[in-house]
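Using the sequences and the hints, build the whole thing.
If you're matching them up, the sequences are chains B and Y in order.
Residues 683 to 807, numbered by our numbering, are exactly what the first sequence covers, in order.
Residues 683 to 807, numbered by our numbering, are exactly what the second sequence covers, in order.
Just so you know, the hints here were simulated from the structure itself, not pulled from any lab data.
Please note that a few of the clues may not be correct.
You can't tell identical chains apart in this list, so a pair holds if it fits in one copy or across any two.
What the hints assert, rightly or not - The calculated EDC-like cross-link candidates involving lysine to aspartate or glutamate, where the alpha carbons are at most 20 Å apart (straight line), are: (1) LYS747 / ASP766; (2) LYS769 / GLU759; (3) LYS769 / GLU703; (4) LYS732 / GLU703; (5) LYS762 / GLU703; (6) LYS747 / GLU772; (7) LYS732 / GLU713; (8) LYS789 / GLU703; (9) LYS789 / ASP766; (10) LYS724 / ASP766; (11) LYS747 / GLU703; (12) LYS724 / GLU772; (13) LYS789 / GLU718; (14) LYS732 / ASP766; (15) LYS789 / GLU713; (16) LYS739 / GLU713; (17) LYS789 / GLU759; (18) LYS769 / GLU718; (19) LYS762 / GLU718.
Residue strings, one per chain:
Number of protein chains: 2
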Amino acid sequence: MPRTAHPSDVFTAIAEPRRREVIAVLSSGREYPVNEIVLRMKMAQPAVSKHLGALRKAGVVTVIKRGQHRMYRLNAEGLKPVHDWVKVFERYWTHQVDEIKQRAERKALERLIRLDDSPNPKKEK
Amino acid sequence: MPRTAHPSDVFTAIAEPRRREVIAVLSSGREYPVNEIVLRMKMAQPAVSKHLGALRKAGVVTVIKRGQHRMYRLNAEGLKPVHDWVKVFERYWTHQVDEIKQRAERKALERLIRLDDSPNPKKEK
DNA sequence: TTAATATATTCCTATTAAGGAATATGTCAA
DNA sequence: TTGACATATTCCTTAATAGGAATATATTAA
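Laid out in structure tokens, this is it:
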């Protein structure tokens, strides 16, 4: 009973590596006909069409007919829920970096103090 | 042949709504024993344990034994690949906002010009 | 040791999904 | 119309997984 949410859920849509590849192809912002995407990825046309369909249902790409082609274009706004969700955790690794910086500075300071001031430093703990 | 990448892939891990719920519970940064997570979500213990296992394999949570409990804690760094991936598309909706702003300003300007300067404005197109 | 508690694992079933092959649909050109 | 091309859809098979129930493992207390 794989309740992996609906396939129209953005998180589900981008879980598929090939779909992230499709998105990467479209990430220039230009529009692409299916067969150009097929060429750029090494993948059969039906598979590409299916992934494009999934991405469209998830609101990550848009499509318009132009002649016998269907032009697909990235709809980046569709990725915003992911961005908003993950942004909440940004502070964790930002703080981590700060911690590291602070530790480095503290160490440098300790070194200076030892050089300056205590020719015979004792080990701590 | 659902090749939804490996379950250890972060994108796959967060595709599951219940796992995002687990992450939400852990998002305070504190550590939690399994049964507290079970209480907070309305979900059977084995299911919670399984999701925690998946999240651990994906590097999104860490676990340590403390007495008869296993304390789980969010490892937010594990979400960084998602953040980095989606950050690339940030500019799209940022630009979109700029467009809207610009359009609003242009309209305001047009209104001013009409009031100032042309008591009998002609329709454009 | 035994009991109680906390957590993980195994087995089962239903459901979903990916990709290949074949085929259908749609559009243009001659 | 016929043919060529572009794309979508259907059918099939295989694999993966969520959750439930039952059970196993581990730890503490009595």
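Here is what the structure says about each hint:
1. In the homo-oligomer, the alpha carbons of LYS747 and ASP766 never lie at most 20 Å apart, since the shortest distance is 32 Å inside one protomer and 33 Å across protomers.
2. Taking the closest pair of Cα atoms, LYS769 and GLU759 come within 20 Å of each other both inside a single copy (15 Å) and across two copies (12 Å).
3. In this homomeric assembly, LYS769 and GLU703 come within 20 Å of each other (Cα to Cα) only across copies, at 16 Å, whereas the closest approach inside a single copy is 22 Å.
4. In this homomeric assembly, LYS732 and GLU703 come within 20 Å of each other (Cα to Cα) only inside a single copy, at 14 Å, whereas the closest approach across copies is 29 Å.
5. In the homo-oligomer, the alpha carbons of LYS762 and GLU703 lie at most 20 Å apart both inside one protomer (18 Å) and across protomers (19 Å), since each shortest distance falls under that limit.
6. Neither within a single protomer nor between protomers do LYS747 and GLU772 lie at most 20 Å apart by alpha-carbon distance, with minima of 40 Å and 27 Å respectively.
7. In this assembly of identical chains, the alpha carbons of LYS732 and GLU713 lie at most 20 Å apart only when taken from the same copy (18 Å versus 41 Å across copies).
8. For the identical chains of this complex, LYS789 and GLU703 are neighbours neither inside a copy (44 Å) nor across copies (40 Å), given an alpha-carbon limit of 20 Å.
9. Proximity of LYS789 to ASP766 under the C-alpha cut-off of 20 Å is found in neither arrangement, the shortest distances being 37 Å within a copy and 30 Å between copies.
10. Taking the shortest alpha-carbon separations for LYS724 and ASP766, neither the intra-copy value of 32 Å nor the inter-copy value of 25 Å comes in at or below 20 Å.
11. Proximity of LYS747 and GLU703 under a CA criterion of 20 Å is satisfied in neither setting, with 22 Å inside one chain copy and 39 Å between copies.
12. In this homomeric assembly, LYS724 and GLU772 never come within 20 Å of each other (Cα to Cα): the closest approach is 34 Å inside a single copy and 28 Å across copies.
13. Taking the closest pair of Cα atoms, LYS789 and GLU718 never come within 20 Å of each other, the shortest separation being 55 Å inside a single copy and 39 Å across copies.
14. For a Cα distance limit of 20 Å, the shortest separation of LYS732 from ASP766 qualifies neither inside one copy, at 27 Å, nor across copies, at 26 Å.
15. Taking CA atoms no more than 20 Å apart as the test, LYS789 paired with GLU713 passes in neither setting, with 53 Å inside one copy and 29 Å between copies.
16. In the homo-oligomer, the alpha carbons of LYS739 and GLU713 lie at most 20 Å apart inside one protomer (18 Å), although the nearest pairing across protomers, at 37 Å, exceeds that limit.
17. For the homomeric pair LYS789 and GLU759, neither the shortest alpha-carbon distance inside one copy (45 Å) nor that between copies (24 Å) is at most 20 Å.
18. Taking CA atoms no more than 20 Å apart as the test, LYS769 paired with GLU718 passes in neither setting, with 33 Å inside one copy and 26 Å between copies.
19. Taking the shortest alpha-carbon separations for LYS762 and GLU718, neither the intra-copy value of 26 Å nor the inter-copy value of 31 Å comes in at or below 20 Å.
Comparing the model with each numbered hint stated earlier shows that hints 1, 6, 8, 9, 10, 11, 12, 13, 14, 15, 17, 18, 19 do not hold.
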